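Take these sequences, add in the hints, and give me the full structure.
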Amino acid sequence: MYFGACYYPEHWPEERWEADAQLMKEAHFNVVRMAEFAWSRLEPSEGEFDFSWLDRIIKIMEKYSIKTILGTPTAGPPKWLMDKNPDMYQLDIYGRTRGFGARRHYCFNNSEFQMYTERIVTQMARHYGTNSNVIGWQIDNEFGMIDTARCYCRCCCEAFIGWLRWKYDSIEAVNEAWGTVFSSQTYRTWDELHLPAYAVHQHHNPGLALDYRRFSSDSVNEYQRLQVNILRHYTTGQLITHNAMGKYNQVDFYDVSKELDLISLDVYPNMKSELKERPAYAAEQHDMTRGFKGGRNYWVLEHQSGAPGAVEMAPTPVPGELRRWTYQSIARGADAIVYFRWRTLPYSIEELWHGILQHHGEPGRKYEEVKQVGMELMKLAPLLSGTSPRARVALIRCYNNEWAFELQPHREGYEYIKHFETYYAYFYERGIPVDILSPEADFTGYELLVAPNLMMAKEETVHALYRFVEDGGYFITDFRTGAKEWNNQITQKRLPGMFRDLLGIGIEDYGIIEGDQAVGIRNLHTGRVSTANMWYEVIDLLPLESAAEPMAVYTSNYFKDTPAVTRRAYGKGCGVYIGTVPDKKGLFGILDQIVSETGITPTLFGLPEGVEAMVRVGTDDRRRKLLFVINHTEDAVCINLDTMCRDALTDRTVSGAFVLNSQDVRVLTFQQETKSIPMLFG
Amino acid sequence: MYFGACYYPEHWPEERWEADAQLMKEAHFNVVRMAEFAWSRLEPSEGEFDFSWLDRIIKIMEKYSIKTILGTPTAGPPKWLMDKNPDMYQLDIYGRTRGFGARRHYCFNNSEFQMYTERIVTQMARHYGTNSNVIGWQIDNEFGMIDTARCYCRCCCEAFIGWLRWKYDSIEAVNEAWGTVFSSQTYRTWDELHLPAYAVHQHHNPGLALDYRRFSSDSVNEYQRLQVNILRHYTTGQLITHNAMGKYNQVDFYDVSKELDLISLDVYPNMKSELKERPAYAAEQHDMTRGFKGGRNYWVLEHQSGAPGAVEMAPTPVPGELRRWTYQSIARGADAIVYFRWRTLPYSIEELWHGILQHHGEPGRKYEEVKQVGMELMKLAPLLSGTSPRARVALIRCYNNEWAFELQPHREGYEYIKHFETYYAYFYERGIPVDILSPEADFTGYELLVAPNLMMAKEETVHALYRFVEDGGYFITDFRTGAKEWNNQITQKRLPGMFRDLLGIGIEDYGIIEGDQAVGIRNLHTGRVSTANMWYEVIDLLPLESAAEPMAVYTSNYFKDTPAVTRRAYGKGCGVYIGTVPDKKGLFGILDQIVSETGITPTLFGLPEGVEAMVRVGTDDRRRKLLFVINHTEDAVCINLDTMCRDALTDRTVSGAFVLNSQDVRVLTFQQETKSIPMLFG
Amino acid sequence: MYFGACYYPEHWPEERWEADAQLMKEAHFNVVRMAEFAWSRLEPSEGEFDFSWLDRIIKIMEKYSIKTILGTPTAGPPKWLMDKNPDMYQLDIYGRTRGFGARRHYCFNNSEFQMYTERIVTQMARHYGTNSNVIGWQIDNEFGMIDTARCYCRCCCEAFIGWLRWKYDSIEAVNEAWGTVFSSQTYRTWDELHLPAYAVHQHHNPGLALDYRRFSSDSVNEYQRLQVNILRHYTTGQLITHNAMGKYNQVDFYDVSKELDLISLDVYPNMKSELKERPAYAAEQHDMTRGFKGGRNYWVLEHQSGAPGAVEMAPTPVPGELRRWTYQSIARGADAIVYFRWRTLPYSIEELWHGILQHHGEPGRKYEEVKQVGMELMKLAPLLSGTSPRARVALIRCYNNEWAFELQPHREGYEYIKHFETYYAYFYERGIPVDILSPEADFTGYELLVAPNLMMAKEETVHALYRFVEDGGYFITDFRTGAKEWNNQITQKRLPGMFRDLLGIGIEDYGIIEGDQAVGIRNLHTGRVSTANMWYEVIDLLPLESAAEPMAVYTSNYFKDTPAVTRRAYGKGCGVYIGTVPDKKGLFGILDQIVSETGITPTLFGLPEGVEAMVRVGTDDRRRKLLFVINHTEDAVCINLDTMCRDALTDRTVSGAFVLNSQDVRVLTFQQETKSIPMLFG
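Residue numbers (full-length UniProt numbering), protein chains in the order written: chain A, 1 to 682; chain B, 1 to 682; chain C, 1 to 682.
Hints were generated in silico from the structure; no laboratory data involved.
Check before you lean on any hint, since a few could be wrong.
Derived pair list, reagent style SDA-like, types lysine to any residue, alpha-carbon separation capped at 25 Å [what the hints assert, rightly or not]:
#: 1; chain 1: B; residue 1: Lys84; chain 2: A; residue 2: Glu172
#: 2; chain 1: B; residue 1: Lys493; chain 2: C; residue 2: Ala310
#: 3; chain 1: B; residue 1: Lys560; chain 2: C; residue 2: Pro319
#: 4; chain 1: C; residue 1: Lys493; chain 2: A; residue 2: Trp12
#: 5; chain 1: C; residue 1: Lys418; chain 2: A; residue 2: Glu312
#: 6; chain 1: A; residue 1: Lys293; chain 2: A; residue 2: Asp442
#: 7; chain 1: A; residue 1: Lys560; chain 2: B; residue 2: Gly364
#: 8; chain 1: C; residue 1: Lys493; chain 2: A; residue 2: Pro315
#: 9; chain 1: C; residue 1: Lys560; chain 2: A; residue 2: Gly320
#: 10; chain 1: A; residue 1: Lys493; chain 2: B; residue 2: Pro363
#: 11; chain 1: A; residue 1: Lys560; chain 2: B; residue 2: Val318
#: 12; chain 1: A; residue 1: Lys371; chain 2: C; residue 2: Tyr558
Everything numeric in this text was worked out from a predicted model, so none of it was measured.
Right, here's the structure in full:
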């Protein structure tokens with residue numbers, strides 16, 4: 001277990017460094033992240049490298065037994081470098097240079113910039129690649145942030161054409177894949193191809209537009225690979241990672257994670273815009289991050305430690321809140337907690353982005369809280385080692401479909417990810433752990449797959465899903481699934497395309513539901529009527545041997561009494577189709593029914609609202625289990641586990657029932673299994 | 001009567017063509033529109049023309065007795081063409097190139113592009129100009145769509161200066177017309193003139209700005225003329241048209257229509273944003289289109305046949321809805337119904353723009369509905385032939401005033417066209433047919449003219465209006481009428497300028513009414529008080545021989561008890577002036593009073609709300625009459641005509657009273673005139 | 001006292017000029033402002049000057065005893081000039097040229113434009129510098145209007161670098177002041193510096209961004225100085241001024257005013273967006289303008305005289321309204337009233353900006369009203385001479401802090417000036433006169449200083465404030481005060497930084513209050529609970545000899561029962577700190593308590609809401625006093641002064657009680673002092 005903070009020695013007088021290290025030591029830190037924005041200090045002028053200051057601080061940290069994670073500093077190329085050739089800047093969709101002054105002001109496809117990248121990374125890797133105090137590397141910083149994965153410069157245009165040539169055999173194949181015959185958009189030669197830049201309107205051909213998104217994501221990944229290769233060459237025993245932002249979606253983080261030893265997360269659970277559902281908001285990012293590498297533990301390389309803010313601030317964490325979020329992170333699979341940042345900076349656009357220490361640098365309430373966590377983690381570390389969360393349910397989040405819906409929301413205001421989150425909310429609220437996976441992940445071991453809006457899927461994926469259901473899995477999907485080919489064309493098969501047989505249904509007719517015209521649906525199991533919005537599909541039950549059967553029907557409109565939700569037994573499993581967007585009650589009713597059939601249970605039964613429970617299980621020895629119970633609410637709550645257990649933080653025995661204060665956390669171990677906590681020993 | 005669909009053979013495998021033609025034939029199609037976006041297939045490389053595929057499909061269509069309307073493909077210039085010279089692209093107000101990827105990415109004034117236009121149109125005209133299966137030509141596509149009539153490139157600047165030289169004798173005349181002495185904006189030479197492009201603020205001189213709008217409209221028209229001239233030269237017996245969008249206003253469609261044999265309309269009655277007043281929304285477009293050529297029948301070259309949508313979809317038509325809109329179109333003067341499109345395209349930005357067939361291409365419910373209409377139209381065609389709607393009322397919609405109000409709305413949120421539509425709504429809701437005409441139209445035969453916001457008018461127009469009233473006509477106009485000269489200067493005459501005598505009033509004082517400060521007005525006839533918004537004018541009754549008299553007075557503010565609405569007997573007629581924007585009740589009260597005096601009646605009395613009735617009358621033989629009754633509501637309604645008639649679709653005799661289902665339509669003929677249906681035999 | 005209008009002889013036929021002068025004379029005008037947009041008439045081509053027309057109209061005015069204020073015409077450079085070199089145009093943040101068509105389309109730092117400026121101003125100054133009919137000069141027009149003080153062109157970049165070199169000793173000093181070490185933004189050489197132009201995001205380094213704002217303001221001031229120097233050289237006995245807009249904030253008008261003989265104001269009290277608080281809206285601008293030169297009288301060079309409007313109109317003044325606003329201006333220190341404009345122009349973007357005469361040019365109700373004012377002012381002028389308003393309270397408005405909050409509002413939606421106005425509203429509503437001053441003003445003679453959000457202050461200012469309190473003054477400030485250094489870095493001192501001792505408090509913890517989470521505060525004096533929004537600070541009372549004491553405490557959250565507002569006796573005075581944004585009741589409660597302690601009283605006790613009272617006091621002889629009572633409401637009100645006085649307009653004796661009609665005004669003098677009107681004889 002790593003525990004520490006992001007530290008920027010270059011921001012502070014060298015006289016202060018040792019005092020900081022001492023304070024960190026007292027808070028039980030064993031790691032710092034450094035240097036990821038220090039390019040201008042590491043290479044002050046072209047080809048002139050200065051690692052001496054970084055050597056000195058790493059030495060100081062060593063003295064206090066604090067290891068270092070180094071960032072490659074490529075997210076912040078210095079002014080002298082950008083002045084060499086303005087072509088290195090990104091251009092926006094209008095062709096305007098996105099100039100100096102923020103960060104990531106470079107084009108991933110610019111070969112000159114790649115050359116500078118190679119040089120600084122090589123120099124650092126050579127210098128620190130065998131330093132035993134350096135335990136890992138973070139590549140660049142938060143790929144895809146502030147809309148920086150998509151550039152419209154000339155060299156991106158050339159790279160895009162190259163990418164298309166690699167993907168498609170011929171220009172005819174491009175024309176066919178995109179359907180350029182529409183509106184006279186046929187290309188005769190490769191060099192007639194172009195980026196989806198500013199035009200009469202911004203609704204470019206969906207095939208072109210989706211390929212450009214894929215290309216942009218690949219460009220970022222290719223740029224990362226350039227760095228990974230250098231690091232692999234020069235380093236020994238150091239882990240390579242990248243700090244992803246769970247929900248940022250300009251880059252396919254499943255791809256990004258492939259090359260890495262492990263993936264990391266930057267998490268700020270308490271951001272202004274997410275007032276209502278904070279715990280789920282952060283939990284989802286953890287689950288997404290774990291899923292980037294198929295369900296494996298990860299690091300948190302930036303963990304909120306105060307009010308974030310650039311020009312406007314987010315809320316200031318109340319006492320106990322930092323500790324609470326920290327335990328949520330660990331409970332969901334974080335094996336490193338690195339707070340951002342050690343001390344609040346008095347200058348720059350991040351001067352309101354608060355760290356553990358305030359601007360004046362003296363320990364205060366946040367430091368004391370972090371220190372307490374440090375002390376507790378000293379105790380927990382051996383128990384946590386070799387454990388990770390486990391889930392019987394997987395949600396599938398697919399960047400390609402997310403992008404396709406961004407390009408064509410189908411219905412005003414519709415968002416793939418918001419829709420995805422209605423399913424996530426179900427499992428979070430029911431206390432059922434989930435993994436969030438790529439459609440290309442290995443589904444072995446899961447019992448229930450939920451794949452909202454699987455509008456396009458590779459053939460392999462479709463086959464895997466058929467096999468999954470044949471073998472006894474439950475598969476839930478919904479509207480538009482199967483409606484498109486992988487090239488973003490609509491299928492010419494009858495809907496739902498390749499899923500027709502698995503689901504046993506046909507769809508001839510569909511449409512939007514406008515804002516003020518919600519449609520009723522009746523759950524045939526419960527008899528309850530709820531409303532549906534956004535989209536409807538008129539579902540035909542196909543005359544197959546084992547026919548699909550309705551789970552809910554519409555209660556109005558010209559498709560009244562026809563199925564809105566269906567299920568079909570297929571092989572040993574079951575395929576469920578939801579043809580509309582039920583409201584929360586409607587959706588939860590359907591999911592309750594299916595989940596109950598599968599026998600999947602929550603981590604703990606009967607938890608009060610706002611209390612989160614997660615288990616970390618030993619990977620080798622499944623009997624090793626830690627239960628985390630976290631009170632996100634503003635009130636104390638009573639928890640009843642109906643069994644004796646041991647408080648891992650106090651080493652005291654706890655009877656099954658206890659009071660958990662607001663913001664408080666329990667980490668519990670159990671001597672014997674108990675039926676009352678099904679998931680814990682499932 | 002033409003009946004068919006837009007067909008894109010280039011989008012589908014040639015093997016499929018004949019099957020499509022067969023299905024069309026079965027649906028009683030007799031026409032298709034083709035080729036209006038096929039430039040890259042007709043001229044795949046510069047100077048290389050390929051009409052063979054188009055020849056083949058026209059042949060196939062011929063085999064099934066289906067005629068062809070050809071579009072000139074100039075709205076979609078191919079990439080190879082645009083790559084020749086990027087100067088052909090339009091520039092936006094900031095000087096940014098509106099690049100490839102949508103359509104209409106060309107500048108109307110670029111001579112190189114005009115040359116390419118000339119060549120492709122000449123080639124097509126030569127090839128098809130005497131083909132008897134080709135019955136007509138559509139020029140380009142939807143002029144003015146997506147803000148494409150106004151370009152800010154260098155050659156537009158030159159063309160604008162040329163246009164100004166042609167319009168004004170001297171640079172001094174320009175300076176005087178625009179009043180450039182204000183703020184030191186005087187021009188010394190022609191080449192100092194410029195477009196109203198991006199500046200410190202976008203409020204350019206109103207004279208300059210209005211002339212630029214006129215110039216842009218003229219540029220489009222000039223570009224059309226280029227094509228019309230070629231077609232006139234090479235074709236025989238083929239009609240020339242353009243598919244206008246009724247309410248689009250970047251181009252003056254009165255001008256566009258002048259050169260054409262007939263005008264056409266693209267109509268999508270059920271678009272998302274128009275939820276509430278759909279029937280009037282489409283009806284208005286029909287009436288506008290009919291008015292583009294002074295009240296003559298027209299073609300519908302794109303008629304909705306499914307849910308439209310680019311990135312978001314509009315509602316899917318419910319069963320019966322396509323048929324209902326089709327009859328509305330015919331009732332209001334359409335002599336051709338061409339559905340857009342035959343089959344939904346699986347690719348491109350229009351992949352969600354649904355046609356008669358779904359993506360998979362097999363007949364479904366929409367095909368069956370269209371087929372039913374086809375069958376019915378076979379019966380109706382002889383009856384429809386030589387008939388058209390007739391109106392005793394004309395509304396005047398003037399692009400120049402619409403533009404002037406766009407440039408200076410006078411009051412925040414004020415829109416000329418929305419105001420126009422409050423008058424349109426009155427006549428639509430009262431069931432009184434209207435024509436929507438240019439201020440330069442021939443007013444002969446009308447009994448009531450309504451000209452909202454006739455802020456500027458040519459002297460001829462003013463004289464025509466005086467004559468119209470002298471001869472017994474009723475003329476209703478309202479605030480700001482007469483306030484401006486044709487050059488967009490405010491008149492230095494006392495208000496309402498040239499209309500002072502006709503209306504018998506003077507206006508010294510006026511102002512806006514702010515959002516929360518509605519003013520009361522009392523109808524002196526009914527005594528009812530309603531509210532007025534947006535604008536007030538303080539009206540003086542001039543001491544003339546036959547004085548104007550108030551119809552309504554204000555009930556508050558410093559102008560309390562002064563006239564808000566006046567009328568003056570003039571000649572044999574009457575001039576009515578409304579100095580404010582009464583709410584619906586207030587306006588309808590005034591109009592009811594005037595309409596009742598004129599003796600103008602609705603098509604049918606006592607129709608339920610949401611039921612539309614229109615009559616088509618024989619142009620030569622006025623006794624030939626077809627009554628259309630259309631139920632736009634979601635419920636069945638009872639209609640009572642109080643007279644026997646014949647159902648033209650079933651040939652059955654119908655007693656005067658019948659039930660009309662939701663979405664349903666009756667087309668009726670009458671053996672004898674009846675007093676109960678005044679308009680029908682007026 | 002000057003009284004007149006803005007007159008544009010170049011807009012009207014020369015035949016009309018004398019008629020206008022006659023009408024002006026009849027309205028008792030003694031001044032016109034002319035020529036400030038006449039560059040193209042004064043220099044029709046390069047180097048060709050024509051003053052003859054201006055000579056003629058000045059002559060005509062002379063004939064009617066009307067003096068002239070001349071504007072230098074530099075806000076409207078002619079097209080021939082701008083065509084010389086397009087580099088003279090301003091560039092926006094994206095590098096786009098802000099082209100011809102509005103005004104102020106020039107870059108203040110362009111040396112070529114400065115040369116043209118020098119030439120025209122020199123020519124005018126030579127020609128009119130000794131003309132006794134020309135009494136003053138207005139430099140340019142409304143600096144900072146329409147976002148024209150900030151340009152992003154190359155020569156601004158160079159000038160900015162020059163400005164930085166002048167300000168900072170070395171590039172290292174720049175790096176340190178801004179904290180460029182953050183995110184690798186260090187500059188090595190002067191030429192690497194740049195403007196805060198379009199970048200990946202627009203949140204540039206706060207030090208850079210604030211310095212750019214200061215530089216821009218200085219550039220404008222430097223440009224003004226260029227003109228002032230010329231005028232000083234060539235003119236004799238003519239006053240130099242500039243017409244500022246009180247609340248426009250791109251230029252520091254304290255700086256602008258320094259070079260000038262007096263400052264002027266353009267005031268339009270009745271603009272649409274300010275419906276609710278009109279009287280305070282205009283009053284604030286008057287008080288600000290008076291404060292630009294530390295509390296001295298000023299001119300109004302544009303005074304509303306009709307409905308203003310460019311593309312949309314603001315409300316039309318009701319009868320009596322122009323007179324009412326005129327008296328408000330005079331009561332608050334205006335020594336010249338120049339209406340904008342004489343006659344409404346029939347063309348140009350200001351054709352809806354209404355003047356005294358309507359477009360047709362004949363006298364109407366507004367002329368008659370102005371004429372009445374003219375007559376009254378003839379009487380008042382001797383009484384007004386040598387008098388000005390006096391205040392015991394000063395509010396501090398600081399451009400540097402306003403800019404810093406614009407750059408970083410801290411909390412979504414927070415605005416410095418809106419917050420400032422909650423304090424202004426208190427004093428306006430309580431009827432207590434205030435001066436609005438620079439933080440660098442002389443505070444001598446004031447008894448209460450209110451400095452909201454004094455986040456950064458120069459050391460001199462801080463010392464002056466300590467001295468002010470020591471000497472017995474009351475000082476009220478609030479959250480974030482002392483939080484920053486003058487270079488826009490956050491202080492590394494413990495908060496509230498340099499104000500710690502004065503206020504006796506420490507602040508370790510703070511945060512935003514989100515929209516729906518208002519916090520309660522209880523006034524310990526009144527016991528009343530009100531709500532607070534936006535921001536909270538957790539205040540520690542420092543263990544000092546004379547401790548601060550709470551005036552109000554929070555009623556909820558983790559800082560419940562801790563102080564929200566404190567006061568500390570310091571020296572002979574008192575320092576008050578408000579750590580949050582109380583609602584109106586909460587703030588007024590605190591201020592009432594403090595004001596009551598100071599003994600500061602309103603001008604008149606017991607005035608009805610919406611009635612404004614101001615006193616002008618003799619500067620030399622304080623016994624000379626004029627009381628203005630202005631009824632801004634729509635109803636007549638009763639005023640009771642409890643003492644006899646004399647109506648200065650009618651010369652009649654008035655008993656202390658009288659009725660004041662809606663829109664009406666009284667100007668009163670008193671024979672003897674009376675206790676009932678404390679401020680009047682305070």
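How the hints compare with the structure:
Straight-line distance between C-alpha atoms of Lys84 of chain B and Glu172 of chain A comes to about 21 Å, which keeps the hinted pair within the 25 Å bound. For a cut-off of 25 Å, the pair hint linking Lys493 of chain B to Ala310 of chain C stands: about 21 Å separates their Cα positions. Distance check on the hinted pair: Lys560 of chain B and Pro319 of chain C sit about 13 Å apart at the alpha-carbon level, within 25 Å; holds. This hinted pair checks out: Lys493 of chain C and Trp12 of chain A have alpha carbons roughly 15 Å apart, not beyond 25 Å.
At most 25 Å may separate the alpha-carbon atoms for a hinted pair to count; Lys418 of chain C and Glu312 of chain A meet this at roughly 17 Å. Taken as a hint, the Lys293 of chain A and Asp442 of chain A pair is honoured in the structure, with Cα atoms around 11 Å apart against an allowance of 25 Å. Our distance criterion of 25 Å between C-alpha atoms is met by Lys560 of chain A and Gly364 of chain B, whose separation comes to about 19 Å. The straight-line distance between the Cα atoms of Lys493 of chain C and Pro315 of chain A is roughly 23 Å, inside the 25 Å bound, and the hint therefore holds.
The suggested pairing of Lys560 of chain C with Gly320 of chain A holds, with an alpha-carbon distance near 16 Å, which does not exceed 25 Å. Taking the CA atoms of Lys493 of chain A and Pro363 of chain B, the gap is about 14 Å. The hint holds against a cut of 25 Å. Using a Cα cut-off of 25 Å, the hinted pair Lys560 of chain A and Val318 of chain B holds, with the two alpha carbons roughly 12 Å apart. Between Lys371 of chain A and Tyr558 of chain C the alpha-carbon distance is near 20 Å, which keeps this suggested pair within the 25 Å criterion.
In the structure shown, no violation is registered for any of the earlier numbered hints.
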